[in-house]
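Protein sequences appear in the order of chains A, B, C and D. Quick note on numbering: the first sequence equals residues 1 to 319 in our numbering. Quick note on numbering: the second sequence equals residues 1 to 659 in our numbering. Quick note on numbering: the third sequence equals residues 1 to 345 in our numbering. Quick note on numbering: the fourth sequence equals residues 1 to 145 in our numbering.
No lab work stands behind these hints: they were computed from the structure. Among the hints, a few may not be true.
[Claimed, not checked] To give a feel for the contact side, a few chain B residues facing chain A, derived at Cβ under 10 Å:
hint, residue
1, Phe463
2, Asp465
3, Thr585
4, Arg616
5, Met651
6, Ala652
[Stated by the list, open to error] With a Cα cut of at most 27 Å, we get these calculated DSS-like pairs of lysine-lysine:
hint, chain 1, residue 1, chain 2, residue 2
7, B, Lys592, A, Lys309
8, C, Lys292, A, Lys72
9, C, Lys103, C, Lys169
10, A, Lys301, B, Lys602
11, A, Lys98, A, Lys301
12, A, Lys72, B, Lys592
13, A, Lys301, B, Lys219
14, B, Lys219, A, Lys284
15, A, Lys71, B, Lys347
16, D, Lys131, C, Lys38
17, B, Lys611, C, Lys292
18, C, Lys336, A, Lys128
19, A, Lys66, B, Lys611
20, B, Lys347, B, Lys456
21, B, Lys602, A, Lys71
22, A, Lys66, C, Lys292
23, A, Lys309, B, Lys347
24, B, Lys614, B, Lys602
25, A, Lys140, A, Lys128
26, C, Lys103, A, Lys9
27, A, Lys66, B, Lys524
28, A, Lys309, A, Lys284
29, B, Lys322, B, Lys498
From the three backbone atoms N, C-alpha and C, an ideal C-beta is built for every residue, glycine too.
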Amino acid sequence: MKQLSEILKEVAFGSLSSGEAEMVIGWQKGPFWWQSFPAFITDPGGTGSLIWDPFSVSNLSKYLLKEVPEKKIALFLKGCDALGFNQMLRDGRVDREKVLLFGIPCDGLVDPARVEAAGLSKGLLQVKKEQEELIFYYKKGQRKAPARDFYYAKCLSCRYPNPVIYDQMLGEAVPCQPVERFADVSKLETTPLEERFSYWSRHFSRCIRCFACRNVCPACSCRECIFDLAEPRWLGKANELSETQFYHITRAYHVAGRCVDCGECARICPVGIPLAELNRKFIKDINELYGEYDAGADLDKEAPLLTFKTDDPDVSSGS
Amino acid sequence: MRRIGVFICWCGTNIANTVNIEGVTEAAGKMPSVIYADNYKYMCSEIGQSMIKEAIIKEKLDRVVVAACSPRMHELTFFKTAAAAGLNPYLVEIANIREHCSWVHKDKQEATGKAIALIRTAVAKAARNKELWATQIPVECRALVIGGGIGGIQAALDIADAGFEVDLVERTPSIGGRMAQLDKTFPTLDCSACILTPKMVEVASHHNITLYTFSEVEKVDGFVGNFEATIRKKARSIDLEKCTGCGICWEKCPSRVKSEFDEALVMRKAVYVPFPQAVPNVPVIDRASCRRFTREKCGICRKACPAGAVNYDQEDEVLQKKYGAIVVATGFDILDLDDFGEFSYGKHPDVLTSLEFERLVNSSGPTGGRLLRPSDQSPPKNVVFIQCVGSRDKSRGKPYCSKICCMYSAKHAILLREKYPEAQAYVFYIDIRTAGKDFEEFHRRAVEEYGALYLKGSVGKVFPDGDKLLVKGVDSLSGHAVEIEADMVVLAAAIKAKSDAPQLARLLGISTDTHSFFTEAHPKLRPVEAHTAGIFLAGACQGPKDIPETVSQASGAAAKAIILLSKDNLLSNPCVSEVNESLCTGCLSCIKVCPYGAVAEKTIEEKIHGKALKRRVAEVNEALCQGCGSCTVSCRPGAVNLKGFTNEQIMAEVDAICL
Amino acid sequence: MKKIAKEKLALLWELLAHKATLYFPLQEDGAVNFAPWKNGAQVDFGVNSIVPPKNVFFPQAETYLRFKTGAKRLQLESVEPEEKFILFGVRPCDLASFNILDKIFLEEPTDGLYAKRRRLGTLVSMGCNEPGETCFCTSFALEPAFAPGADVMVWDMGEFLLWEPRSTKGEALTAVINELLDEAAPEETAAAVRLRDTTAAGEAAAARQRGWNTEGLQEALRGKFNDELWEKLYHRCLGCGICTYLCPTCHCFDIQDFSRDLEGERFSCWDSCMFAEFTLMTSGENPRPTQKERVRQRFLHKLLYFPSKFGLYACVGCGRCVRKCPVHLDITQVIKEAGGVVSGS
Amino acid sequence: MPVNLKLQSFEPLIIAFCCNWCSYAGGDLAGTSRMTYPANVRVIRVPCSSRVSSNFILRAFQRGADGVVVAGCHPGDCHYTSGNYFARRRFLLLQRFLEFLGMEPERFQVHWISASEGNRFAAVMTETTDKIRALGPNRKLRDTR
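Just chain A, with the same shape it has in the complex:
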């Protein structure tokens, strides 16, 4: 069987050389073992540099907001990316006719921090995945370990490893074996109020307002974000804890019912704020109060905050 990374190069080459697409968005490798980053290829000859490896974590569809094609843009979607794509589609932010989607089944991607924590990063040159194992290559020799031990936490709870939307699927569907995703939220819910407050205050105090969590989010697709507006200035720029709380509450609230739970916000937060827990609190509550809803997957259901039932649970009056 052909390697997925080879198929990926072929379809990329095909879509550019046939003229169907004017740009391919894929991943390329950087100088370090953990660096796989988005690549924008317009020349069929450049498709050879595309890769698919255990670090191809970036969601490529978010770039469709900025790229303005005349023909089509071809891009690769993992399961989580496909949900994000669908949400953008639902928000009217992408034109389905202007994209060529290659679906990639993905059972998980490797968190470099876990490799480091396992003491495997020193002198590491390359990491490859074969079947269920990772192979770590060094100047001298190599080591093997079960791949799942190194996956991002978000991948371990992934419920859509296979894209729900695509024009062409590359590779065989992979099985889904998610771990309970609300465990952290449930645990926090049961901790005392003050403890919870100091937990979040500690995390929020570290926030530097880089807005990476917003910028990477496929549900954050506004042309101009409320946080960037000068008039009215909802979010002050003093980096007060109160402002940061406003930012994080509002960010999570704006994606409530729209968040596809891809976990990218938490992954790229440079100071390690567990942002996904905020999103998941909303998802959990929505599921409990208004019925299960998977943004990006449940396309036949109305978004939970854009509909209602007359017998919805009432808001507590604070007693």
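Given the structure of chain A, go ahead and fit chains B, C and D onto it with the hints provided.
Chains B, C and D in isolation, oriented as in the chain A frame:
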């Protein structure tokens, strides 16, 4: 820098007793942008208003805050005051220091402090108020009436008599509706047809009314004053112009199907007029049962027609029409009795619904008005009427009271005795409800003059017993079980909304209640208006009603429509939502939460980095928007804003009130 | 040169904290950042901080003026820092970044608050025992294990810290804690020198291998304003502020007001050239309309404009952007692609 | 001086967003009926509970509110048909979220008060004030400047 004037009212002692007016005036004078602060005993009086007007002119005020009673009380008064002094009324803000302050607090210091906070809040908001102007919307001076029952007929006639053109659209081949099916009407026992037929004829001949029977409204776009409806005139297969209504076609027609008009008690032909007084008195071919269409054979009616009016090739005609107002009068249905097996309805031919009974006593009905048992065509002696079949029944039927059954059952008991003086009517009931002019008297006549026997209680079961029906029930007053050997059982089946009412509601952009009856804009004060401006409700489509109620609501709806149509232009409420297109992302969440269908999508073209691009944005129809502001909250970037209650205004209020 | 045994460090922290506010790389929820030391705080010298210590001198937000507006009178009150502090454990790269910030804030017009903080602060730098994978300070003529501008230089030698006062401030500090210090033996001092050499050589070799060579870079970038390099690079930029906010040399700020009713304060706060609003004008015009212009600005500023004006690159090779950019669009790629003359191997 | 004595002298600031048609009118009725409730409550009039954005609620806490109340028509009675149904979802989620972040649930309340419920308006405002007074000053989202 704004030039804000603050005017504080004492309201006699109402405010002044609890609020230190001088202290508040002094504090107001120091608030940001306030250049003038004064107080007076009664700000709403002539003198008070003159004070405001003079100050606006003399001090060149560009915003006014009146601290007085609730804005729900005198906002309009002060709007007019400002306007009289040349200031746009929407630059006035009210601080409610009476109902929300002096009247609810006792401590003068606290009340004074709060009054200052409320004024500061109003000042902060006022500083961000903008001039607003009501826009003029031209009105298409024509009305559409949907439904040709007595409600629709009355509304159409009233609007037409007022001089406006009306299109009356009726789904069935004839107007007349439910009332045409009835024999007599309570409590006067007028002949239903005798009072209805002249109105039907009047509709047909009225120079301002265009009648579309056998037609349906398929689509409605637009908004108050400017609706555009798509009407499908279904192919009648008979040329309305040529047909003389002679009746030869249906005499000759070989196909027989159950008559809808006669509640399936008799058969009609495939080419038919539903009833003799039908308007228009022109048959239709029911293509679903006509041999010409089902088997491509036959053609008898075309051969027989002396006028050459039969046209098998006729096609549906689709019309686009514009209207300023719409009256919905689509009537009701009868509850399906499948869940009421204990009454043997559908199993025994002598168990009838009241409407079927109505046809059996009707002189134009299947028995020529002779009231015979469907099973053996014999006159009934003992007739049991069972009330509330499906009404006031949460579990199997409808929780509401169908309102007319008590009265028509009394009528039926009377009619029974009039036809057969020996016959006995038994009426099982839960409660007798006779709230209406002459209703109680009518009910008493049924009991006292016509000997109807009323039994408070329920019927457990109706068994066929030979050629009779055995009715087993309970008389809850005596506590005894009752068994009646009946010749006929009549069920007062509940009234329900038309099964396709929700579809029509969607099409019109109006709302329905949990039972699919159309919802009025306000149950007390706007009972004939739908939530959507320009759409009015008449008759049982809004809830169970009798004829006089239906007619009065229809006239009420007509009056509302006439008021609307008699204006050349409508003035819109300027406190409506607006879209900042550059911020709008086009997610269209606003459309989803708008109760009025006031937000629509549009495509704009703009240049981004030199490329011309099309993108979708939301657009608010100011004529439809009622200013609730739900859309503004659904809009994440704040592209939708509500004029008069903008994000900036409310945020400024929050900041000021928290000081 | 002095030394202090590791078991005495707790005493040292307490003594120092008593003297002044003591900033340390502290670990919290797995993230290491400089923060005022408190008893029980988790000091972590293992890795460099996520956020560089520049915020000690150049805080993310800083009020410098309070105002009251009343009846036609505007009252102003300026705000000044008074607190003495010690910044302990600054890496040589970050310490070098202060030189770059000094160019901006200490040259005319001087930023009084920054200048005052510089005067109030004592810098204790800790040499790196082993440069990180993404380190390239040597590309900017810096040393991983030595900071010329430090008031005190320390090295972690395993059992003890070597302690070398290098300025009058450093001497003063040393005097305060003298009771905890011992004289270092000559071979111990020699070990520190060896450490300086090996770390520098090791890192330089790795950087060279990766093509991160700055020789002639400034020249190479001149005239590259319209180069297609930028077109190639910018696409993947998410437009977030990670690189600028984590950069020890980025120094752009905005000025904003915060007010309640008639009172308020004026503050400066970090801003990022990666944000679209950074150059957005009131008219709606934006001279850097797309991410391409913004990305180009960031790199040309660091590698061309700044050195042209001040004679040194505005990059210290700390590697934070290399590590933290979510799409790996970092300065090393520009260095490599724009290409200084590859020298050496 | 015992600490709780100091607490007792604390007077909370409570901001109530009231819909124009039901709750604001209910407040008016409370006034017309000369009912009393604490002066701690200050009302901002909005057309509908669905006009109240989480932004306003958070802003109120930032700027010093110790409690925030949103009051609207009873579900089913919305002047605009469905506004309060949307509001009910929005606020239930927000309420649970704020609690998740460690905010006392009493600090943000939603009540349905009709135009005829002047007594209820007064009772809700009194109860709320008592509850918040007992909780003490809110610091949790407050801008400390």
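Evaluated hints:
1. Phe463: violated, 40 Å
2. Asp465: For aspartate 465/B, the interface hint is violated, since the closest Cβ of chain A sits about 45 Å away, which is over 10 Å.
3. Thr585: It holds, given that the least Cβ distance between threonine 585/B and chain A is near 5 Å, below 10 Å.
4. Arg616: With a minimum Cβ separation of about 6 Å from chain A (threshold 10 Å), the hint on arginine 616/B holds.
5. Met651: Holds - the Cβ of methionine 651/B comes within 10 Å of chain A, reaching about 6 Å at its closest.
6. Ala652: holds, 9 Å
7. Lys592/B / Lys309/A: OK: lysine 592/B and lysine 309/A at ~14 Å, within 27 Å.
8. Lys292/C / Lys72/A: holds, 21 Å
9. Lys103/C / Lys169/C: holds, 21 Å
10. Lys301/A / Lys602/B: Holds - the C-alpha atoms of lysine 602/B and lysine 301/A are around 24 Å apart, at most 27 Å.
11. Lys98/A / Lys301/A: Holds, at about 25 Å.
12. Lys72/A / Lys592/B: violated, 30 Å
13. Lys301/A / Lys219/B: holds, 25 Å
14. Lys219/B / Lys284/A: violated, 40 Å
15. Lys71/A / Lys347/B: violated, 68 Å
16. Lys131/D / Lys38/C: violated, 36 Å
17. Lys611/B / Lys292/C: Since the Cα atoms of lysine 611/B and lysine 292/C sit roughly 16 Å apart, the hinted pair holds (cutoff 27 Å).
18. Lys336/C / Lys128/A: Satisfied, since the Cα-Cα distance of roughly 26 Å is no more than 27 Å.
19. Lys66/A / Lys611/B: Holds, at about 13 Å.
20. Lys347/B / Lys456/B: The hint holds at about 26 Å.
21. Lys602/B / Lys71/A: Judged against 27 Å, a Cα distance of about 23 Å means the pair holds.
22. Lys66/A / Lys292/C: Given pair lysine 66/A, lysine 292/C holds - Cα atoms ~11 Å apart, limit 27 Å.
23. Lys309/A / Lys347/B: This hinted pair is violated, its Cα atoms lying about 39 Å apart.
24. Lys614/B / Lys602/B: Given pair lysine 614/B, lysine 602/B holds - Cα atoms ~10 Å apart, limit 27 Å.
25. Lys140/A / Lys128/A: holds, 16 Å
26. Lys103/C / Lys9/A: Distance of about 48 Å is beyond 27 Å: violated.
27. Lys66/A / Lys524/B: violated, 53 Å
28. Lys309/A / Lys284/A: This hinted pair holds, its Cα atoms lying about 18 Å apart.
29. Lys322/B / Lys498/B: holds, 26 Å
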